[in-house]
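> What follows is the residue order along each chain.
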Amino acid sequence: MQFDSFSAFLNMGGYAFYVWLSYGVSALLLIILVVVSNNQNKAVIQRILVRQKREKRLRIAAQQQVEDASSVNQTEDNIKNRNDSNEVSS
Amino acid sequence: MWKWLHPYANPEVTYHFTGKLMPWFSVLAATFLSIGLVWALVFAPADYQQGESFRIFYIHVPAAMFSMSIYFAMAIAAFCSLVWQFKLSDAAASAMAPVGATFTAIALITGAAWGKPMWGTWWIWDARLTSELILLFLYLGVMALHNAFEDKNVAGKAAGILTLVGSINLPIIKYSVEWWNTLHQGATVSKLGKPSMTAEMFWPFLISFLGFAFLISIIICIRFRTEILSRNSMRPWVKKLLLPPKKSVETSLLGDK
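Chains as they are written, first to last, in this note's numbering: chain A, 309 to 398; chain B, 16 to 272.
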């Protein structure tokens with residue numbers, strides 16, 4: 309132990325401002341770097357998830373459309389068939 | 016001989032590999048940094064000339080050394096990406112740039128805070144200080160280029176060329192204290208031959224140095240994994256990876272329909 313008391317430790321032999329400035333700024337910059345890196349990681353994952361959800365919605369909507377279209381086609385075919393049969397009968 | 020390296024060119028393998036490494040790096044970084052910095056601040060002796068201000072050394076020197084070695088690693092990654100078109104080395108180079116920039120800034124700021132009481136000035140256009148400032152601008156330039164293009168391949172090429180051209184600055188920083196006779200002192204730790212430090216100062220330095228190395232490894236892993244995910248976001252393995260387990264049942268049912 310190089311210091312007799314806690315206040316001597318804080319005083320750093322008169323260099324308190326410079327020593328604590330160095331350690332403080334370094335800690336601050338490193339914490340910011342870690343937090344920013346973590347947030348970017350989360351943001352990228354979130355972006356991919358949002359796009360996946362959107363793709364899923366689009367897929368379901370497309371499927372729905374195909375089903376609707378096929379049912380419309382069926383009714384159209386029915387009408388056409390009826391017309392055809394009418395033409396034959398007349 | 017180098018064949019064991021081949022699987023790591025696959026983003027999925029590397030993503031899982033770095034994921035396994037990260038908890039180890041976290042434990043090691045926390046242990047080494049807490050022991051090293053408490054030793055440096057409380058137990059290491061004061062310098063006979065510089066007094067307690069010498070404790071800035073334990074941050075300043077590792078930060079300055081890593082500012083250069085991260086740039087060196089980034090230059091190797093950029094070279095591999097430019098020559099062999101490895102997509103992952105591009106992601107690695109882009110992951111390393113902000114980490115290196117932060118350590119360069121730490122080296123400059125702690126250097127200024129050390130220079131004021133010892134040299135009487137915060138800043139001087141000394142060869143070592145100027146070349147280190149140029150290193151910071153190189154990092155910022157590389158970061159800006161990585162973000163300037165929508166197409167990551169074009170961005171990687173542009174940033175890679177700047178990285179390689181800028182690597183000429185590394186030997187200038189390293190030997191600036193020998194080539195130009197200025198204020199900044201010569202090498203203390205990396206000097207070959209007789210060590211110019213006592214063991215009481217060298218051990219806390221070495222331990223905090225290793226602590227910083229592990230901390231850098233964690234941050235680079237996080238950023239590297241982010242880059243891998245964002246560059247491979249359309250791949251099936253990423254889609255499968257991010258699906259919560261409950262929902263995967265739902266989508267597999269949907270797929271069957």
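Rather than coming from a laboratory, the hints here were simulated on the basis of the structure.
Mixed in with the good hints there might be a few duds.
What follows is a list of derived Cβ distance ranges for each label pair [what the hints assert, rightly or not]:
1) Ile340(A) / Gln100(B): 30 to 40 Å
2) Phe217(B) / Arg359(A): 18 to 28 Å
3) Pro186(B) / Gln354(A): 40 to 50 Å
4) Trp252(B) / Ala335(A): 31 to 41 Å
The beta-carbon is built from N, C-alpha and C at its ideal position, and this holds for glycine as well.
> Now look at each hint and say whether the structure bears it out.
Here's how the hints hold up against the structure:
1. Ile340(A) / Gln100(B): 30 to 40 Å: Between Ile340(A) and Gln100(B), where Cβ atoms are some 34 Å apart, the hint holds.
2. Phe217(B) / Arg359(A): 18 to 28 Å: 52 Å, violated
3. Pro186(B) / Gln354(A): 40 to 50 Å: 43 Å, holds
4. Trp252(B) / Ala335(A): 31 to 41 Å: 37 Å, holds
In this structure, the one hint that does not hold is number 2.
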